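Peer 1: Please model the entire structure based on the sequences and the hints provided.
Protein chains in written order, with the working numbering: chain H, 1 to 692; chain P, 1 to 141; chain E, 1 to 148.
It should be emphasised that the hints constitute simulated quantities derived from the structure, not laboratory data.
Be aware that a few hints might be false.
[Said to hold, decoys possible] Below, simulated DSS-like cross-link-like pairs (lysine-lysine); rule was C-alpha separation at most 25 Å, straight line:
(1) E:K8 <-> H:K399
(2) H:K305 <-> H:K340
(3) H:K677 <-> H:K569
(4) P:K108 <-> E:K8
(5) H:K672 <-> H:K569
(6) P:K108 <-> E:K52
(7) P:K93 <-> H:K289
(8) E:K52 <-> E:K8
(9) H:K458 <-> H:K406
(10) H:K155 <-> H:K166
(11) H:K677 <-> H:K603
(12) H:K406 <-> E:K8
(13) H:K289 <-> H:K305
(14) P:K25 <-> P:K93
(15) H:K458 <-> E:K8
(16) P:K108 <-> H:K289
(17) E:K63 <-> H:K406
(18) P:K25 <-> P:K66
(19) H:K603 <-> H:K672
(20) H:K305 <-> P:K108
[What the hints assert, rightly or not] Some residues of chain H that are not near chain E, with every Cβ distance over 12 Å (derived):
(21) V23
(22) Q35
(23) N54
(24) Q112
(25) Y118
(26) A183
(27) Y210
(28) I232
(29) G268
(30) R298
(31) S354
(32) L358
(33) A459
(34) A507
(35) V563
(36) G624
Predicted model only: the values in this text are computed from it and were never measured.
We put the beta carbon where it would ideally sit given N, CA and C, even for glycine.
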Amino acid sequence: MTVTGVERRRDVITVAIGTALAVLMGVVLAAGIRQATRLHAEIAALQTASSLQNYPEDIARELDTLRERLEIRAYSGRALADLRATVSRFDASLRATTAGDVLDAADLARTQRLWHQYDPVLAPVLAFHGQPYADSDTSGSTLSREGRAHFAQVKRAQLFAAVHAKALQDHLVLGVRRLQASASAAAAQLRALLLAGVLAALVLAAAAAYLQITRARDQRAAREAEERTRDILKTVREGFFLLDRDNRIGSVWSEALTRMFNRGDFAGLSFEDLLRDLVPATTLATAVKYVNLLWGDRAHENLMKSINPLGQLEVTAEDGRGGTETRYLQFDFHRVVGPKGVRHVLCAVGDVTSSVLLARELQESQQSANAQLDMMVGMMRTDPVQLASFLDSADAGLKHVNAILKEPARTDTEFRRKPGSIMRELHSLKGEAAALDLQSIADRLHALEDLVGNCQAKATLSGDDFLPVVVKLDELLAYLRGVREMASRISVSPQSEAVPAGDVLAATLQTMAAQLARDHAKRFTLNTAGLGGVPPQYARTLKDCLIQLVRNAAVHGIEAPEVRSRCAKSDVGRVSAEFRAAGANYELIFEDDGAGIAPEALKETALRRNLITAAEASSMDMRGAMALMFRPGFSTADGASRDAGRGVGMDVIARNVYALGGRIGVSTNPGKFTRFKITLPAVEAAGSSAVA
Amino acid sequence: MWGASANKGRGAPPAGAAAPRAPIKMLIVDDSNIVRRRIERSQQFDNLVVIGSAANGVEALEIFAKTDPDVVTMDLTMPMMDGIECIGRMVAKRPSVRILVISALADKATAVEAMERGANGFLNKPFTDRQLNEAIEELIR
Amino acid sequence: MLYEHELKTFVAGTTNFFEVSAQQPASIGSPYLVDDAPQLHEYTGLINITGKRDGVVYFTAPKAMLAVLLMKMQETDFSHETMRDLVGEVANTISGNARRDFGRDFVISPPSVLSGETPSIAPRPGVRSFIIPINWRSHSAKLVVSLG
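Peer 2: Written out as structure tokens, the structure is:
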């Protein structure tokens with residue numbers, strides 16, 4: 001049962017007790033008054049009856065007196081008058097008694113019967129009006145004739161009275177006794193009635209008091225509960241309020257709302273007014289319609305929940321400092337259902353601003369990745385011709401990446417072919433971007449590489465895994481288009497001077513070498529020769545090769561200056577790259593006077609990378625060990641910095657060279673030098689390039 | 001969107017019921033033939049009779065006036081007259097009609113709007129047979 | 001530039017249709033980009049989007065795939081009209097998904113349907129399209145998202 005149900009029942013009981021008390025008092029009083037009236041009558045009757053009981057004796061006595069007077073011939077008029085008065089009073093009293101219904105009917109009848117017997121003897125006596133004596137002044141008084149008759153009547157009456165007075169009196173005494181008994185019974189009844197009334201009233205009053213006490217206790221409990229609720233509403237972080245039937249906020253609402261809505265006048269505020277200035281009119285209309293729907297029974301709870309349009313409401317309000325502030329509020333609605341349908345709508349409001357903003361920031365950080373500033377800075381430092389050349393190869397490279405993506409794939413195996421070749425392409429581009437110090441482009445390529453790397457790491461691959469890659473690819477292409485547009489605006493005519501491709505490549509390598517030397521605290525010179533003679537078919541591949549080789553030389557080959565000094569070497573290292581025709585073929589000789597390559601170091605690395613087993617390592621000859629550096633996934637520098645360590649560098653070289661029908665040879669002398677010799681067939685004999 | 005229901009959409013009267021209930025008349029409104037046929041085919045209520053189908057709001061109102069259906073499934077995006085308006089007119093004509101919106105429009109403002117006009121349920125396209133039957137059951141229960 | 005979550009919304013709208021309507025999920029193939037107008041199949045359901053983004057999203061599928069899809073949906077009518085109807089419904093589903101996820105930011109037109117041997121959708125200059133192959137059973141359709 002609900003609290004209000006208990007309360008209602010208690011009210012009913014209180015009213016019942018009050019009514020019962022009133023009725024009881026009424027009944028008791030009415031009965032008491034009746035009883036008191038009867039008592040009063042009985043007391044009056046008792047008085048009357050008590051006065052009556054002496055009359056018979058009085059009459060007898062007065063008759064005695066009358067007889068005596070007559071015997072002694074004394075004056076009897078007085079005695080007769082007394083008798084007459086007494087008889088007449090008795091008669092009157094007795095009649096009054098009869099009329100007043102004082103005596104018990106039986107007592108009365110007996111008394112009257114007796115009294116009637118008096119009549120014949122008394123009447124003549126009383127009727128005497130003459131002079132009883134024949135007066136003779138001399139001889140005293142003698143009875144006259146009338147007097148003698150009168151005397152005889154008196155004597156008879158006196159005798160009669162002497163005999164019957166006692167009986168009459170007894171009757172009267174009996175009646176009085178009965179009256180007394182009756183009166184005391186009535187008094188006892190009245191007493192009992194009053195006592196019962198008082199007792200009943202006491203019981204009812206006790207019940208009422210009990211009720212009052214429990215009510216007070218419950219009210220105290222309710223007040224405490226209310227206080228607790230108020231405390232909760234004050235401290236809870238969520239906004240809560242109850243809406244009543246006309247969509248107004250009731251007296252129950254949580255303090256958190258004040259913070260969320262920058263106001264405190266919630267009680268009585270309509271839901272519509274709460275949102276009015278905060279949201280656009282269309283949103284407001286939808287919100288109000290929705291809340292109205294909650295009051296109906298058209299839709300069940302789940303459906304209503306699923307169509308809640310206020311799941312994430314953007315509200316704009318003044319921040320109190322003259323500006324505006326946008327918050328994201330999440331409204332949840334619950335119907336509070338009573339026996340007669342929905343009684344309230346409970347609304348919980350959460351401030352989800354921080355999580356929304358976090359999600360948004362993530363998005364915006366993607367967006368700001370498109371910022372133009374870093375692009376400008378990088379480009380201003382880059383030679384326009386080199387930049388244009390890079391943009392061309394980037395375009396070609398990314399087109400190739402897209403072509404790899406475009407190859408239809410359904411199975412894991414088919415998907416798994418893609419990341420490796422995409423990585424190689426990206427890595428080569430990234431190397432080139434880094435060589436030109438195009439930091440922002442290199443960073444983007446690096447990010448794209450990361451995404452492709454995520455694909456490689458997946459246990460099973462599907463098309464979904466490539467969605468982030470293709471989105472990033474699109475972004476990168478858009479970025480590069482921006483770079484190209486800006487480049488064409490900055491430099492007057494980058495393409496107009498026909499700069500030989502070989503010179504561009506040589507300049508690119510020099511830029512890169514200088515940067516690598518700076519980054520790795522190395523000192524070396526780079527000499528290039530014959531790069532102008534590279535046939536166009538080989539330009540791309542050889543560019544990739546040279547970038548990779550220069551990087552390897554700078555990072556791994558050339559020792560730090562102090563190491564070189566200790567080894568009695570010139571502290572400035574030498575790196576050279578020469579391209580030349582060799583008979584029908586072409587050769588690229590790349591050499592550095594650095595640390596050389598130790599086969600054991602290669603084996604160790606390959607072991608660490610799980611590319612070979614310990615058994616394989618121990619049985620591996622020098623040649624096999626050297627071949628390890630061309631394996632995919634091999635890298636001798638730890639970490640994934642921009643210019644080394646990705647581990648696809650050398651295998652890009654090898655793969656591309658083999659694709660052109662060429663060969664790679666390595667010779668090294670630990671501590672002295674490393675020399676790569678790449679041999680490519682004559683142009684006519686070259687197969688179609690994979691990256692044309 | 002729809003809470004799982006223990007009853008798998010069977011609307012047949014329980015065994016031993018004295019008299020079969022009066023059939024419930026259903027009108028299907030959708031501009032796609034496929035969807036109309038799909039709804040008709042997939043609904044599994046023995047006491048439900050499809051008394052007509054319409055490809056747009058205007059046609060739907062004509063059939064509605066003629067056949068006086070108890071239940072209507074209603075697409076929202078349709079040529080001639082859209083579903084929202086059609087719901088309003090049907091409910092105005094016969095307030096006791098039960099309308100299930102079946103639409104690809106999944107945004108909440110649309111759902112609220114449809115409910116406000118008088119729809120009783122909302123089912124998102126595409127839907128499975130089970131989702132359809134649960135939604136219809138919710139409607140005719 | 002398209003965000004990944006936007007692309008995923010369109011993709012989910014499409015694959016969801018297969019999963020729910022035919023009780024057989026579709027998988028997506030390797031996504032890629034095209035600069036020019038992508039090759040269309042016989043039936044194409046298309047929605048125009050304006051607002052925060054501007055462009056088209058369409059689902060284009062070969063007749064054979066639609067026929068099998070109809071069969072799986074227990075449809076017995078394989079007419080030209082029904083095929084058009086079907087790609088229209090797919091586009092409708094994509095549109096509904098997008099409206100749910102993007103709300104008012106996107107204004108989405110009701111679906112329209114293209115069919116015939118040489119339908120074409122003029123590419124918007126300077127806008128690359130995302131092509132997401134939709135593989136279902138042995139068939140392949142394409143979801144094309146072309147938004148500026």
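Peer 1: Could you run down the list of hints and mark each one as holding or not?
Peer 2: Hints versus structure:
| no. | hint | in the structure |
| --- | --- | --- |
| 1 | E:K8 <-> H:K399 | 23 Å, holds |
| 2 | H:K305 <-> H:K340 | 22 Å, holds |
| 3 | H:K677 <-> H:K569 | 24 Å, holds |
| 4 | P:K108 <-> E:K8 | 20 Å, holds |
| 5 | H:K672 <-> H:K569 | 9 Å, holds |
| 6 | P:K108 <-> E:K52 | 19 Å, holds |
| 7 | P:K93 <-> H:K289 | 21 Å, holds |
| 8 | E:K52 <-> E:K8 | 17 Å, holds |
| 9 | H:K458 <-> H:K406 | 20 Å, holds |
| 10 | H:K155 <-> H:K166 | 17 Å, holds |
| 11 | H:K677 <-> H:K603 | 22 Å, holds |
| 12 | H:K406 <-> E:K8 | 18 Å, holds |
| 13 | H:K289 <-> H:K305 | 14 Å, holds |
| 14 | P:K25 <-> P:K93 | 16 Å, holds |
| 15 | H:K458 <-> E:K8 | 19 Å, holds |
| 16 | P:K108 <-> H:K289 | 12 Å, holds |
| 17 | E:K63 <-> H:K406 | 22 Å, holds |
| 18 | P:K25 <-> P:K66 | 12 Å, holds |
| 19 | H:K603 <-> H:K672 | 20 Å, holds |
| 20 | H:K305 <-> P:K108 | 10 Å, holds |
| 21 | V23 | 70 Å, holds |
| 22 | Q35 | 88 Å, holds |
| 23 | N54 | 117 Å, holds |
| 24 | Q112 | 114 Å, holds |
| 25 | Y118 | 123 Å, holds |
| 26 | A183 | 98 Å, holds |
| 27 | Y210 | 62 Å, holds |
| 28 | I232 | 34 Å, holds |
| 29 | G268 | 32 Å, holds |
| 30 | R298 | 22 Å, holds |
| 31 | S354 | 19 Å, holds |
| 32 | L358 | 14 Å, holds |
| 33 | A459 | 16 Å, holds |
| 34 | A507 | 31 Å, holds |
| 35 | V563 | 47 Å, holds |
| 36 | G624 | 36 Å, holds |
Violated hints for the displayed structure: none, as all numbered hints are satisfied.
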